[in-house]
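Protein chains in written order, with the numbering used here: chain X, -18 to 324; chain F, -18 to 324; chain H, -18 to 324; chain Y, -18 to 324.
Any given hint could be a false lead.
For identical chains, the list gives no copy identity; a pair is met inside one copy or between any two copies.
As the list claims (entries may be wrong) - Pairs of lysine-lysine, DSSO-like flavour, derived with a Cα cap of 30 Å:
{"#": "1", "residue 1": "Lys260", "residue 2": "Lys198"}
{"#": "2", "residue 1": "Lys284", "residue 2": "Lys33"}
{"#": "3", "residue 1": "Lys143", "residue 2": "Lys33"}
{"#": "4", "residue 1": "Lys5", "residue 2": "Lys143"}
{"#": "5", "residue 1": "Lys198", "residue 2": "Lys19"}
These are computed hints drawn from the structure, not numbers from a lab.
There are 4 protein chains.
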Amino acid sequence: MDFRSDNVAGAAPEIMAALMEANKGDVSSYGADPWSLKLDAAFSALFEHECKVFPVATGTAANVLSLSCIAPGYGAIYCHQDAHIVTDECNAPEFFTGGAKLVTLPGENGKIDVAALDAALSLGWAGSQHNPQPSAVSITQATEAGTVYSVDEVAAIAERCKRHNMKLHMDGARFANAVAGLNVAPADLTWRAGVDVLSFGATKNGAMGVEAVVFFKPELAESFLYRRKRGAHLFSKARFLSVQLLAMLDNGLWLRLAREANARARELADGLGNLPGAKVIWPVQANEVFVQLPAAAADAMRKRGALFHTWSEADSLYRFVCAFDKTRDDTAALVQAASAALK
Amino acid sequence: MDFRSDNVAGAAPEIMAALMEANKGDVSSYGADPWSLKLDAAFSALFEHECKVFPVATGTAANVLSLSCIAPGYGAIYCHQDAHIVTDECNAPEFFTGGAKLVTLPGENGKIDVAALDAALSLGWAGSQHNPQPSAVSITQATEAGTVYSVDEVAAIAERCKRHNMKLHMDGARFANAVAGLNVAPADLTWRAGVDVLSFGATKNGAMGVEAVVFFKPELAESFLYRRKRGAHLFSKARFLSVQLLAMLDNGLWLRLAREANARARELADGLGNLPGAKVIWPVQANEVFVQLPAAAADAMRKRGALFHTWSEADSLYRFVCAFDKTRDDTAALVQAASAALK
Amino acid sequence: MDFRSDNVAGAAPEIMAALMEANKGDVSSYGADPWSLKLDAAFSALFEHECKVFPVATGTAANVLSLSCIAPGYGAIYCHQDAHIVTDECNAPEFFTGGAKLVTLPGENGKIDVAALDAALSLGWAGSQHNPQPSAVSITQATEAGTVYSVDEVAAIAERCKRHNMKLHMDGARFANAVAGLNVAPADLTWRAGVDVLSFGATKNGAMGVEAVVFFKPELAESFLYRRKRGAHLFSKARFLSVQLLAMLDNGLWLRLAREANARARELADGLGNLPGAKVIWPVQANEVFVQLPAAAADAMRKRGALFHTWSEADSLYRFVCAFDKTRDDTAALVQAASAALK
Amino acid sequence: MDFRSDNVAGAAPEIMAALMEANKGDVSSYGADPWSLKLDAAFSALFEHECKVFPVATGTAANVLSLSCIAPGYGAIYCHQDAHIVTDECNAPEFFTGGAKLVTLPGENGKIDVAALDAALSLGWAGSQHNPQPSAVSITQATEAGTVYSVDEVAAIAERCKRHNMKLHMDGARFANAVAGLNVAPADLTWRAGVDVLSFGATKNGAMGVEAVVFFKPELAESFLYRRKRGAHLFSKARFLSVQLLAMLDNGLWLRLAREANARARELADGLGNLPGAKVIWPVQANEVFVQLPAAAADAMRKRGALFHTWSEADSLYRFVCAFDKTRDDTAALVQAASAALK
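Could you build all of it, start to finish, from the sequences and the hints given here?
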């Protein structure tokens, strides 16, 4: 009953099989192997658009290398105050951009409040030598609150980016869960809505460790190769990154895994939400469920073997994340533990 | 007949098996898994000394995170002019240290000339506000020339470090090959000789993608966790890095693989060295062989299917690297191709 | 009637005279001149404590070089959300620290709310690899709101610093105005209250362009010389910086000038505060006055030749700053203009 | 008899008078004052070309801010191995560019050997992800050896820049001395020969402390304002920087002062060069003279009150720099001291 994170899981069997298969013979290193050379085409097909794609090993690398291509050291990057790049990356965005400032914005359900963004953009920073220059917005899809931006919500933020000559980054560590939750075309949720660069997550969704940086405007990627190497993120045996991504895209594995994870979260939300004393506080639109419970009940659940994060001790708020490989039995067991604890 | 690099090979079967074995069940992420927690003890046993050990995915990451712990942005790092950190890391050392200067030194056989180091250290930089402050020396073991520093040679450089209050880093991307070539205890070649921090390579030696940063003085590692995360090099599913390192140390696999690779290089050196028109130009002490050949002969070899790097077109110098999985048949085939090409 | 900033003024006659006097003969450059060599002693006497003092030319340089000595790139620096380092230094703090994060805190009257600081420090960042490490607090004295921290208020923040192993920086661009306003010993307001490093402002207070970085703990200054030079802030003809500071300290000029400026602000506050329709919104404790006025009245004042900043258009809030050389006639004229405009 | 540097001198009387004159009344700060607003036009007239001009206070600031506009963190900057940016700026170039690598080149008389530049550019770095990207060349005019690049020599290097898509920076800390020495139009020595950005020095030539960054291609300057502020190099009372530059250009003061300094160096070269036992080793083309002397003679000169730098103890080589205000009596006295010492 480990619902602490999607990262507690291992890799999907399809991923391990692909790694085994790729471990044959000598191939060119540093990205000139047959698997790496297929990435652009595979993602361009998925997104119905010409993409430049680069594999990296961690979600933080995908985010901060992306941001370094669209925001200079004297730039400002607007994002939600609970965004992973703010709260969980130990200043990696500042490091890779050479000191850009993350301007944090409030917003319900983990999503940027557009009025707050407008207010921040009305301060007259653009062109003023005293202030960082508005350069980018970064949104998280699905959000840290387990919610998703609708296509229209993405487009509304993209409209501000265009108006203010900024670029739009999407942190898609759980992009698969968002697409599965919204049931839209990947293209609709990204470049058609105005996204310029996407961190396409795979690790949380059943890969061993790989993410794809997807540029929808090739010219933004011009310095990526050098930034990746200087960030020490170029793999010599790059085949082992790329083959994971190809396996994910193969036959829609990425969406299948995400749908499973989302279904489990739905089960949890339904099961926990019906218990007296428990309250699901944010819409469950991906693979995470946030529940308010009496602290004593949470303790009791843990004594019964349930593992999960305390999101806010002050608010008695707990997070349950469903990895790709959780089963109906797992969610049922958790609901049962909660039910017993709440009695 | 692919002798371009040790990186053209995949992973050893033992590594793949270990990865499969580690892919079972839920475990804590970000380095709190059972495999990661064993690293300090495993390396401390290997080095007969208390070590602080951190897995990272690339050799460049190991080098530059190490250097960032021992050299500030206003520091100077002394190294050989052909060192990987100078020639092949796209300014990653400068980036991670915040701008430290690599002071490049000449030296025969890929090894720092100690007199040149002494001369550089005699310039009066220490304490002068106009100059970067001497902070570290980085040596490569085995070197880019396929040679090794003897224990005494390491100690001689370490003595300069102590005298000038600098730290000593060893880039051991091919440390296993060096230990195998010298047949010494790992401790003798490192901390006993005065090395402070080691990039312990595994990828070139048959891992899928992992290196260990090994600190012999725990106090130097105090900021490592934060630097690694800020560098985007913390893996969520860290078990997949750590288990590779444990598998390498298990039953001496790392040395077994390195001895095989070195033996193949020996075979190449003997075979090629005996051919009229070919000249092995640096001592073959690890798994690399550098050979001068007529350019036409190199072309002819390539037409017969041999793959290898041109090290210097001007000098008609070629590099042959033996990966852990090359066979006697492979080296015999290459020598035969050379023999035919030289006729 | 130019009340836009203390920076619209030139330099005090005593400063110009000192510069003239120092412009005689050849002296050692880069800080080995007779004036520079006296700085440590002069400030140590002023602060009744051994100080290490370094002249720099701008307030931002003083702030960010100070911060770079006490916060690493993976650090967090806590400050008020309206602090100059946040709002007006174009990411210079992030640049000089190598990417440290400014964690912004709310607080009445431009002063950090200690409860908000406590809340921020309770998030468990210290020792967590995912988060920047709490390293420093920076307070502004006098604040951007024209108020001052009392000695006890400084001490309360310093207590948090000690408890959490952080350092305390004071941005004293208007330190003279604060000391004059509080009428306390400089020592009481700084090191005795727990301040570790002070940006001692002189430019806004009548210098041509110089600030002193004053370290109360010499060990924190160990890297300053190198950081200053690498920041391109070492002057070759350093005498011209140092002599300004000495002239400021000579016979208490710095306090005399600040008292004049504060008195002018007092006159403005009294005069404007008595006008119907005008409201002084923050305590006037230094040389700045913030007044709410009908926008039409502000326009009318400007038509009569008054110059001042719009602090917040939404709040119809205006800032009036009194430079060291403003006269009673100047303030009377401004009050008269306001009186006429408000009729 | 202080010939240690041009920095041991104070400021020219014209500069002091201009500062006094500018110290009147209130003006806009941060570069919107009347003096600052005239800079573009004044320099555009001098250079017969549209220029974007920014005053900064130190030569290092001029150099490194310039370089940061033309070389990214993953870039390579080619320069002479004895260039000030390499030997005397404590890693400021690396800091401001975010880690660019200074690739040092040999060359006679302090000037880059073009063949060595060609060799460095033939290594295949452009487009290779392992290597820093060739971005800029920086030449020093006059050089650290007191020599000057002819117009043709500048053009030859500029030709390489164009061919390899790099920018050309000129460190003109002693640009005035070079122009005076060559007796050419400033335009011929800069943009007409292919220079993109110039650090126009004034401090060494009799200013109190100011340099102009002169962009000959306005588009290269687009980020300069933000880079300057983030580097903490924006002056609030900017009038005091700008007025010095205007005074320098007024009636050709800058060239008049430089011609005087050069004439003094000529006198020294003639006087010292004729002494048995002394040898002037590099062409004297600006205001510096490098002389080989027996160490005992140098000691004897110092005992007689002469001050000068030891350039190389090993080579018994000494440097004599003539500031703008040295007189014929000064040079005669030095030659006399040398003559006595050499007997």
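message: Output the indices of the hints that this structure fails to meet, ascending.
response: Checked against the structure, the hints that fail are numbers 1, 2, 4, while the rest are satisfied.
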